[in-house]
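Trainee: Read off the chains here:
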Amino acid sequence: MKKNIFIICILILGPVFLQAQTHDYKVVFDLTSSEAMAHKAVIRWINEISKSTPDAKMEVVFYGQSLNMVVKNKSEVSDDVTKFAATPNISFKVCAIAMKNHNIDKSDLLPGVEIVPDGIYEIITKQKEGWGYIKASF
Amino acid sequence: MKKNIFIICILILGPVFLQAQTHDYKVVFDLTSSEAMAHKAVIRWINEISKSTPDAKMEVVFYGQSLNMVVKNKSEVSDDVTKFAATPNISFKVCAIAMKNHNIDKSDLLPGVEIVPDGIYEIITKQKEGWGYIKASF
Amino acid sequence: MKKNIFIICILILGPVFLQAQTHDYKVVFDLTSSEAMAHKAVIRWINEISKSTPDAKMEVVFYGQSLNMVVKNKSEVSDDVTKFAATPNISFKVCAIAMKNHNIDKSDLLPGVEIVPDGIYEIITKQKEGWGYIKASF
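Residue numbers (the working numbering), protein chains in the order written: chain A, 62 to 199; chain B, 62 to 199; chain C, 62 to 199.
Calculated from the structure, these hints are not laboratory results.
Heads up, the list lumps identical chains together, so a pair's fine if it works in one copy or across two of them.
Derived pair list, reagent style BS3-like, types lysine-lysine, alpha-carbon separation capped at 25 Å:
#1 Lys118 x Lys189
#2 Lys154 x Lys87
#3 Lys154 x Lys189
#4 Lys154 x Lys101
#5 Lys87 x Lys144
#6 Lys118 x Lys101
#7 Lys87 x Lys189
#8 Lys112 x Lys161
#9 Lys118 x Lys154
Same shape as in the complex, but just chain A:
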C-alpha cells in the first residue's frame, strides 16, 4: 500500500519537478513594426541566442505592419530569414489575416516562412505552453 502511494506521488509530482528543472530556452517574438531597425534587431537577437544556446527554440510571429520582413524583394534581412527559417529550431510565422489585409500571397513569402490562421492566437498559445514572450518594439 505504502509503495502504491509512493508511486502515485512520483507520478503526480514528477512533472512538477521536471518543469522546475528544465532550463530550456523557448521564446516567441511578437513583431508588428514596419521599421527595418526592428527587423534587424530581431535577426541580431536570433543570431546571438542561436550562437550561445544552439538548441534554443525561437519563433517570430508577424502581423500588423511587419510583414515586409518576410516578403521577397521587400525584406532588408531576406538572407538571414531564409537561412534561419531552414534550421529546425527557428520558425517564422505570418498571420493569414494580415496577409489578406496587405494583399500578400503565399508565393510572395521568403522560402521556409510559414502561415498561421491568426497571429495573436499563435502567440498566446505559445505563452500558454510556457514559452517566453518578447514584444519586439522600440
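Please build the complex by placing chains B and C on the supplied structure of chain A, with the hints as guidance.
Mentor: Below, chains B and C alone, put in the same frame as chain A:
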C-alpha cells in the same frame, strides 16, 4: 482503498488535464501609445477575433499616453469602443493613476469604459490568471 | 491510512492553494527604447508602484537601444535610477551582449546597476518564475 486513491487522483489531476484541454481565447492588450494608428489596430484585432471566435474574452488596458482612445470627443474610434464595450466578453479598462495624471474625469470616458486602480497590476493579474498578453505597439 | 492520504493531499495541494492566494506584485519591465520619454515613464511607474505597494518586486531589463538610461552622464533619470537601485526590491539589469555592442563598460554604469549575460533570457526566466511582464514601449 484502491477506489479511494483513484478518486483522489481524479480530484488532483482533473484540473491539470482540464487546463491542458481548454482552447479558450483570452487576451489582454496593453496599450500605452497615443497614436491613432495603434488605436485603430487594436479595434481591428478585436473585430477580427470576435468574428472568428465569438466567445473570445478580450480586455484592453489603457495607461501611459493611450487614454484618448476612450475619451469622448478625442477618440478616433469612439463608435467601435462604445459598441464593443457593450458586449459581455470585451472590456476596456483605464488606469486611475493615468487618468489623474492626464486630468481625465470619469465623465469624460466613453460609455461602458471601466476604471481600474492600477493598469499595470490589472495586466499582470490577468497574466497570472492565464490570459495571453499582447503589447499593442509598433 | 486515511490520515496518511490526507497528509499527502495537503502536501500536494498546499502549494496550489498558496499560489492562488498570493497577491504579491512582481513585474519585469522590458526596455529597448532609446527615447527619454520611455525612460521617464518607467521611472514614473516604479515610483507609483513603490508608493502604493512598498513590497512590490520590480526589475527593469535593458537591451536593444535603451542602455543610456543607466549610463553615467547620458541618463536623463540618473538620480532616480541610483535611488531605486539602492532599494532591495527594485533592480536594474543590463544585457552584457548589448553593452558589448554599444561599447559600454561596467564602469560606465550608474551605481547599483547590475549586469546579466543575456537580457532576453533574464526576462523569459522571470516570466517562467511567475513574474508579470510589461513591455515599456509607446
